[in-house]
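A.B. asks: In order, the protein sequence lines correspond to chains A and B. FYI, in my numbering the residues of the first sequence are 1 to 477. FYI, in my numbering the residues of the second sequence are 1 to 494.
Misleading hints may appear alongside valid ones.
[To be verified] DMTMM-like mimics (lysine to aspartate or glutamate), calculated; alpha carbons at most 25 angstroms apart, straight line:
(1) A/K425 <-> B/E160
(2) A/K446 <-> B/D107
(3) A/K266 <-> A/E355
(4) A/K425 <-> B/E112
(5) B/K165 <-> A/D292
(6) B/K165 <-> A/D197
(7) A/K366 <-> B/E270
(8) A/K366 <-> B/E160
(9) A/K425 <-> B/D455
[What the hints assert, rightly or not] Pair ranges (Cβ atoms, derived):
(10) A/P437 <-> B/Y438: 37 to 47 angstroms
(11) A/I133 <-> B/T108: 57 to 67 angstroms
(12) B/V296 <-> A/G468: 27 to 37 angstroms
(13) A/K366 <-> B/G353: 25 to 35 angstroms
(14) B/V296 <-> A/T462: 30 to 40 angstroms
(15) A/R289 <-> B/T108: 51 to 61 angstroms
Since the hints were made in silico from the structure, they are not lab data. We put the beta carbon where it would ideally sit given N, CA and C, even for glycine.
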Amino acid sequence: MNYTDILIYMRHEISLMAVIIVLFVYDLAAGSRGRSRFSAVTCVLLLLHTLVNIIPVHGTAQLFGGMFVYAPLHSALKSMLSVGALIVCLQADTWLRRDDTEHKRGEFYILTLSTLLGMYFMIGAGNFLLFFIGLELASIPMACLVAFDKYKRYSAEAGAKYILTALFSSGLMLYGISFLYGTTGTLYFDDMPARIDGSPLQILAMVFFFSGLGFKISLVPFHLWTADTYQGAPTAVTAYLSVVSKGAAAFVLMAILVKVFGPMVKQWQTMLEIVIVFSITVANLFALRQKDLKRFLAFSSISQAGYIMLAVIGGSAIGMTSLVFYVLVYMAANLAAFGVIAVVEQHSGGKVSMEDYNGFYRTNPKLAVVMMLALFSLAGIPPFAGFFSKFFVFSAAFRGGFHAVVFIALINTVIALYYYLLVVKAMFITPNNEPIPALRSDLGAKIALALCTAGILALGLTSCIFEGINALPSGIW
Amino acid sequence: MNILSLFPAIPLMMMLGLWISRNRTQIRTVMVTGSALLLALAVWLVFAYLAQRHAGAAEPMLFTDSREWYAPLDIHYAVGVDGISVVMLLLSAIIVFTGTFASWRMDTNVKEYFMWFCLLSVGVFGFFISIDLFTMFMFYEVALIPMYLLIGVWGSGRKEYAAMKLTLMLMGGSALLLIGILGIYFGAGASTMNILEIAQADNIPLAQQRIWFPLVFVGFGVLGALFPFHTWSPDGHASAPTAVSMLHAGVLMKLGGYGCFRVAIYLMPEAAHELSWIFIILTAISVVYGAFSACVQTDLKYINAYSSVSHCGLVLFAILMMNTTAVTGAVMQMLSHGLMTALFFALIGMIYGRTHTRDVRQMSGLMRVMPFLAVGYVIAGLANLGLPGLSGFVAEMTIFNGAFMHADTFHRTVTIIACTSIVITAVYILRVIGRILYGTCDNAEHLRLKDATWDERVAVVCLIAAVAGMGLAPMWISDTVRGSVSGIMAHIMN
Chain A
1 MNYTDILIYM
11 RHEISLMAVI
21 IVLFVYDLAA
31 GSRGRSRFSA
41 VTCVLLLLHT
51 LVNIIPVHGT
61 AQLFGGMFVY
71 APLHSALKSM
81 LSVGALIVCL
91 QADTWLRRDD
101 TEHKRGEFYI
111 LTLSTLLGMY
121 FMIGAGNFLL
131 FFIGLELASI
141 PMACLVAFDK
151 YKRYSAEAGA
161 KYILTALFSS
171 GLMLYGISFL
181 YGTTGTLYFD
191 DMPARIDGSP
201 LQILAMVFFF
211 SGLGFKISLV
221 PFHLWTADTY
231 QGAPTAVTAY
241 LSVVSKGAAA
251 FVLMAILVKV
261 FGPMVKQWQT
271 MLEIVIVFSI
281 TVANLFALRQ
291 KDLKRFLAFS
301 SISQAGYIML
311 AVIGGSAIGM
321 TSLVFYVLVY
331 MAANLAAFGV
341 IAVVEQHSGG
351 KVSMEDYNGF
361 YRTNPKLAVV
371 MMLALFSLAG
381 IPPFAGFFSK
391 FFVFSAAFRG
401 GFHAVVFIAL
411 INTVIALYYY
421 LLVVKAMFIT
431 PNNEPIPALR
441 SDLGAKIALA
451 LCTAGILALG
461 LTSCIFEGIN
471 ALPSGIW
Chain B
1 MNILSLFPAI
11 PLMMMLGLWI
21 SRNRTQIRTV
31 MVTGSALLLA
41 LAVWLVFAYL
51 AQRHAGAAEP
61 MLFTDSREWY
71 APLDIHYAVG
81 VDGISVVMLL
91 LSAIIVFTGT
101 FASWRMDTNV
111 KEYFMWFCLL
121 SVGVFGFFIS
131 IDLFTMFMFY
141 EVALIPMYLL
151 IGVWGSGRKE
161 YAAMKLTLML
171 MGGSALLLIG
181 ILGIYFGAGA
191 STMNILEIAQ
201 ADNIPLAQQR
211 IWFPLVFVGF
221 GVLGALFPFH
231 TWSPDGHASA
241 PTAVSMLHAG
251 VLMKLGGYGC
261 FRVAIYLMPE
271 AAHELSWIFI
281 ILTAISVVYG
291 AFSACVQTDL
301 KYINAYSSVS
311 HCGLVLFAIL
321 MMNTTAVTGA
331 VMQMLSHGLM
341 TALFFALIGM
351 IYGRTHTRDV
361 RQMSGLMRVM
371 PFLAVGYVIA
381 GLANLGLPGL
391 SGFVAEMTIF
401 NGAFMHADTF
411 HRTVTIIACT
421 SIVITAVYIL
431 RVIGRILYGT
441 CDNAEHLRLK
451 DATWDERVAV
461 VCLIAAVAGM
471 GLAPMWISDT
481 VRGSVSGIMA
491 HIMN
């Protein structure tokens with residue numbers, strides 16, 4: 001290893017770190033006029049960061065004696081996540097202009113980017129220690145973000161719930177990692193499979209580890225924090241939490257299950273089967289009765305997490321591709337949905353209930369159409385991208401022979417369609433004498449929604465993205 | 001670009017055209033131009049197809065084209081047509097063309113209405129030209145979702161309930177279908193999604209066929225109104241706006257029959273032989289039960305919707321008989337039922353637009369008030385009950401003829417039971433015609449009503465011409481179909 005290697009293979013981390021430092025200094029140095037341009041500066045820097053790193057470097061590498069690993073697929077995923085963060089930053093602008101948040105605008109962006117950096121380390125980790133540091137870096141600032149509207153009771157409550165659950169699950173995971181260290185004598189991913197024999201202690205370790213990540217991905221039964229946190233957190237943060245944070249954790253979970261716990265494949269597959277069936281079904285049943293759109297999307301995101309796990313369960317390379325693709329498509333759709341909710345919430349004095357959306361199409365046709373496209377994509381309706389990504393994860397699980405799980409998941413898509421259609425019905429069909437008045441969203445939100453819409457329409461119909469992801473080595477197989 | 005790709009491409013262009021249209025004249029221009037183009041293309045395709053066949057082309061599918069789409073999963077955008085799909089494309093084009101005229105005087109959110117209508121036709125056309133399982137399934141689902149908004153926004157009566165019920169039941173069917181398709185793909189060795197190649201390889205193990213066949217058959221059967229999964233159909237059709245009922249009953253329900261044949265039976269013939277008896281019983285129930293239900297309805301749309309259940313049940317019934325004659329009859333029944341049910345729904349929509357009621361008991365003597373529409377209704381009714389010289393007769397005749405070719409007791413018994421539907425059909429058709437068209441018109445408001453406008457006449461005349469044309473010159477269509485059907489049958493029987 002030499003220093004050029006670090007510059008090449010860790011360039012995502014380095015450039016993001018540079019962005020954070022620049023923003024930090026800017027926040028200190030710029031006066032109040034400079035701060036009013038803070039979001040524009042952040043978005044430009046983040047865009048630069050994304051563009052600089054968008055083409056993956058060929059070949060895999062191990063840095064710091066295997067502590068940090070690089071594979072082209074990691075690079076693609078990191079780029080995806082930074083695009084997601086960029087969209088969230090664009091959407092957050094209007095919200096941050098409010099009086100009580102204006103003075104801490106800088107903190108929002110710096111905290112968001114810190115969690116992103118944590119996810120980068122999580123993805124690139126080749127050792128459980130670095131992985132754990134990444135995980136914590138991604139979780140702790142997130143709690144601050146969730147409680148960002150600290151004068152609102154719900155936001156503070158959400159923050160408390162998030163941090164307590166996060167700490168508990170981190171503790172559990174650390175306990176699991178200590179078992180692993182105790183039985184194998186190493187923390188390096190590469191050395192572990194050879195020493196894993198499926199002893200009861202190791203199974204316990206695997207379950208503890210899984211619970212820790214299951215919390216991040218909000219799988220049933222680790223989902224109890226999700227609805228309250230999603231509802232209470234500021235909408236931009238909810239969007240970030242539901243997409244970027246979840247996507248990173250799902251990828252890492254798959255990578256570690258396959259790479260480290262490879263010898264225990266039967267055990268974790270059984271566990272996943274149960275978790276998938278419960279995640280999808282329970283979340284769908286709860287989503288049916290939600291009236292608050294943010295809570296509704298919280299349950300929808302739990303069931304989507306179940307679908308993402310379908311890609312994991314087969315443990316195949318095509319499953320990994322399907323997972324990354326699913327996360328990308330889910331990101332476009334969910335960020336579009338939250339984008340619309342955020343715009344409406346900010347301009348109409350906090351309306352987030354489903355009933356408020358009655359007759360929405362009449363006054364705001366464009367926003368209603370974007371929302372509809374997002375929901376159709378989440379429901380897996382062609383020709384939108386969600387149909388393709390769902391098909392691929394089903395196909396991946398089916399390839400692994402999990403026919404019954406796929407069947408249950410498919411039946412659940414019908415239930416899911418029902419509740420997504422409820423929102424469409426409210427917007428397009430239900431009459432309302434006092435619909436939300438016509439809104440003018442600001443430029444940032446418009447760009448964000450346009451990006452998401454383009455993603456929803458194009459990602460599925462053009463196969464090049466999926467094939468591009470498929471062609472990138474993940475460093476596992 | 002392959003000529004067949006124009007079929008889904010034209011409605012897409014129409015959507016684009018509608019999007020930039022400013023007023024109703026432009027919208028109408030786009031719709032008429034586009035649907036006329038589609039119709040012309042479909043007619044041209046029939047002749048081109050026949051010409052190639054006469055020139056000796058012997059492949060199962062003509063005009064084929066295949067482009068790699070998702071290479072890691074062997075998904076291709078693959079198209080091709082045989083006699084069956086050519087006829088179905090013609091049917092769809094006729095219905096889209098006449099549907100445009102039937103919704104000529106639409107006045108709320110016209111632009112959105114036609115955009116969804118075009119998306120629906122993208123799905124329909126795409127489905128009939130696809131020979132790749134994934135592409136086919138995708139187009140199938142594209143055709144389902146616009147229904148929700150078309151019924152929910154522009155429908156009448158209990159539209160929200162009907163729209164939700166229809167969408168969810170059909171999506172439930174497509175969930176079964178999706179797992180069946182994955183089963184076929186992996187069962188056939190996970191190397192191709194192309195229907196022709198899977199049929200050629202013919203290597204799905206019987207044990208797997210036994211699982212996937214019922215799933216695929218029921219999946220498509222939901223759309224083909226297979227008993228007991230038909231309950232979306234009466235509610236959906238009754239609530240839908242006219243042109244949507246036409247397209248849905250006329251074409252969309254045929255997707256079910258077409259899919260059952262093209263995917264379920266063609267790709268899994270052994271299981272089809274083994275399990276056909278279950279579905280034969282179910283379809284026989286559809287046929288008779290649909291007809292009886294139609295007898296007791298008083299809403300014109302419900303009568304016709306149950307009649308559709310009965311006639312579409314007959315399509316599935318004939319397909320399951322698995323011989324060339326019966327299946328040829330099934331395809332002709334799809335065509336015939338598509339045309340005459342579209343005619344029916346168009347006329348019902350026009351009558352309802354005038355009388356503001358669809359209740360049979362509140363109408364009478366309309367023959368004197370609106371002779372053109374009434375005569376159209378009589379013709380549609382006669383076609384429906386199978387009068388020789390109209391399309392219904394040739395189709396049903398061929399079906400029962402083919403079904404009776406089976407010499408065993410089971411097949412003969414169910415055929416006889418299904419045959420009784422002919423009589424029951426006559427009962428409900430003649431009862432309605434007698435009630436609403438003849439007698440004296442005692443409602444003073446109805447006496448002031450006007451007969452059909454020019455746009456309505458265009459729609460009705462086109463459909464009547466097609467129904468009569470098919471009845472008078474059936475060989476032309478049956479020859480187109482029979483060649484392809486016998487090829488597939490030869491494959492299934494081996």
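A.B. asks: Each hint needs a verdict: does it hold in this structure or not?
C.D. replies: Status of the hints after comparison with the structure:
no.	hint	in the structure
1	A/K425 <-> B/E160	holds (8 angstroms)
2	A/K446 <-> B/D107	violated (31 angstroms)
3	A/K266 <-> A/E355	violated (46 angstroms)
4	A/K425 <-> B/E112	holds (15 angstroms)
5	B/K165 <-> A/D292	holds (24 angstroms)
6	B/K165 <-> A/D197	violated (52 angstroms)
7	A/K366 <-> B/E270	violated (51 angstroms)
8	A/K366 <-> B/E160	holds (23 angstroms)
9	A/K425 <-> B/D455	violated (32 angstroms)
10	A/P437 <-> B/Y438: 37 to 47 angstroms	violated (55 angstroms)
11	A/I133 <-> B/T108: 57 to 67 angstroms	holds (59 angstroms)
12	B/V296 <-> A/G468: 27 to 37 angstroms	violated (60 angstroms)
13	A/K366 <-> B/G353: 25 to 35 angstroms	holds (32 angstroms)
14	B/V296 <-> A/T462: 30 to 40 angstroms	violated (52 angstroms)
15	A/R289 <-> B/T108: 51 to 61 angstroms	violated (32 angstroms)
Of the hints listed earlier, those the structure fails to meet are numbers 2, 3, 6, 7, 9, 10, 12, 14 and 15, in rising order.
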